[in-house]
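Generate the whole structure from the sequences, applying the supplied hints.
Which chain is which? The protein sequence lines are A and B, in order. The C-terminal position of the first sequence is numbered 501 in the numbering used here, with every residue numbered one higher than the one before it. The C-terminal position of the second sequence is numbered 1115 in the numbering used here, with every residue numbered one higher than the one before it.
A portion of the hints provided could be inaccurate.
Below, simulated DSS-like cross-link-like pairs (lysine-lysine); rule was C-alpha separation at most 27 Å, straight line [stated by the list, open to error]:
no., chain 1, residue 1, chain 2, residue 2
1, B, K1027, A, K424
2, A, K424, A, K357
3, A, K358, B, K1111
Now the in silico label distances, taken between C-beta atoms and shown as ranges [what the hints assert, rightly or not]:
no., chain 1, residue 1, chain 2, residue 2, range
4, A, D206, B, Y1018, 20 to 30 Å
5, A, L204, B, R1051, 16 to 26 Å
6, A, L20, B, R1097, 17 to 27 Å
7, A, T353, B, I1004, 52 to 62 Å
Simulated from the structure, these hints should not be mistaken for laboratory data. The beta carbon of each residue, even a glycine, is placed where N, CA and C say it ideally should be.
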Amino acid sequence: MSPEVALPIIIPLMTGTLTLLAWRSNILQKILSVVGSIALLISSIWLLTSVKEQGHVVLYMGNWVAPYGITLVADMLSAIMVFLTGMTAVAIAVYSLASASASHERFGYYPLMHLLLAGVAGSFLTGDIFNLYVWFEVMLIASFALLILGGERAQMEGAVKYVTMNLLSSAIFLSAIGLLYGLVGTLNMADIAVKLSEAEHTGLVDVIAVMFMVAFGIKAAAFPLFFWLPASYHTGPVAVSALFAGLLTKVGVYALFRVFSLIFNQSIEFTHQLLIWIAVFTMVTGVLGAAAQFEFRRILSIHIISQIGYILLGLALFTPLALAGGVFFIIHIIIVKTNLFLISGITHRLLGTYELKKLGGIYKSRPFLSILFLVSALSLAGLPPLSGFFAKFILIRAGIEAEAWVATGAALFVGMLTLYSMIKIWSEVFWKSLPDETDSSAINQQMTPSLAILYLPVIILTVLTLLIGLMAQPIYMISEFAAEQLLNPSGYIEAVLGVKP
Amino acid sequence: MEPIMAVTVGFLYAAAIYMMLRRSIVKLVIGLMLLSNAANLLIFTSAGMTRGAPPLIPLGAMQPEGIIADPLPQALILTAIVIAFGVLAFAVVLIHRAYNILHTDNLDLMKDTDT
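Below is the structure:
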């Protein structure tokens, strides 16, 4: 028995239920939400340490041995992702104490948030392909409701596209599962991997592989399927935007990592070659889109796409170094991206707008906040000694070693344009003097408790970015460990099925 | 039976995509409904259809006699139907709210947030 695999799913589900029971008491919901997310973080640390010791941790639900029952499996990648989920959860739960408006809280903000976290953690931990679909849907339905909290005009427009594209992706995912089940007659991912490697490799396998690629590509916002993301992510409440930006697209990326390392590893020259081009175009279109934007959260939203491209590049090159780089990049980007969105929320609190034109003068009145932004922004752009530098350095080195010149060149070029976008935000929001027409009554406000609560997660996440940059070695070691496990699926299969493949 | 089902599934997918490409949000939701039904029928068909052989084990025996139908796809479809029902119920409420707030059902007029 290893209960630590199930705890990261059970804790947010329980927290969500308890906050529902505490529907009438706002204070109680807030306390439960913070306590629940801290418990999630602790359980994810437990999972991380036991995965580090044992390699793979497996739990058969209801004692139905694989491949008959639903299996929960944690390898290093899952454990890292769950840990990042816990960390984001704590940051968002604390930030929400001060940022969530009363009307959002009245419509079930906290229960939805924890339901979303349960869906995310479930997707990371399940070892069953149909169960993965179910967790995706749990996550989606919670995210739909969170996105439209408040019911503003832009939110409705964004939500229609978000819902449509995600339901389309789910339908493609479900069809692919149906075809795969028809082919191999099992749903356990480890068992599918065994059966598929024994079966004759036909065109149908490639078709199913591409269907999975499209389904997860939509969720991950990869080129050319990302158009729902810039239309919707910036419309929700800011804490929700930060949560989505940090975690949701990464669930799609995680699913791609899992499926294209464990199940579809027979025709790498086809699938992974395709992924390289997807990665290159994702990087370039994302960063060019961001360069054309002049609204704080929109720039950050479109930037998510280009970062997804980097992570996909790690998977597409499929060498140990590249995969380690991809995992390192995921760790870096979830922290930094969440943090940048949280900072955009603070500037909104101070000046009441996200438009770059109307913002300004923050460096003069709030130098500390500006430094926090600068650290995260430069980390995103990949300047040493911050976390983004090492993430990009590993990926680009892997690209050179694999002699993927176009992809490497694109990665370098995109890094430069990222710097341009970040400098644009810096000079418009923080450096230039405050435009006269902007209402500046709130900018010099005292450090109220509510503002201090907004600062707290931002400071912690910024320190983490610095720490990852200054102590990259241990992070690199666990990324390398995760990459090794991804490249040798036999360890995963053996842990789940109990036999050597 | 399989060829008929295959054609039906293909037709459902085609109809779903066609409806989703229309401008009205109501037709968009109808398209989504057809799409989830098509996916369910696809699972049903591709998992193999067995006529008149319920997956039951006779009293006292340890395993079923002869060929039986695979019960798992039906469980999958049942799960998928329930999920699709919940999600589509949300989608219906969403388009109703969207219509109330935006005063239009035309998708072409909903692109303020695109650029």
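A quick look at each hint next to the structure:
1. With a CA separation close to 42 Å, the supplied pair K1027 (chain B) and K424 (chain A) exceeds the 27 Å bound.
2. As the CA atoms of K424 (chain A) and K357 (chain A) are separated by approximately 11 Å, the hinted pair is consistent with the 27 Å bound.
3. With a CA separation close to 23 Å, the supplied pair K358 (chain A) and K1111 (chain B) stays within the 27 Å bound.
4. Remark: the range hint 20 to 30 Å for D206 (chain A) to Y1018 (chain B) is upheld by a beta-carbon distance near 27 Å.
5. Between L204 (chain A) and R1051 (chain B) the beta carbon distance is about 25 Å. The supplied range of 16 to 26 Å therefore holds.
6. The hint said 17 to 27 Å for the Cβ distance between L20 (chain A) and R1097 (chain B), and at roughly 22 Å that hint holds.
7. Range check, T353 (chain A) to I1004 (chain B): Cβ separation about 59 Å, and the 52 to 62 Å hint holds.
In the structure shown, a violation is registered for the earlier hint numbered 1 alone.
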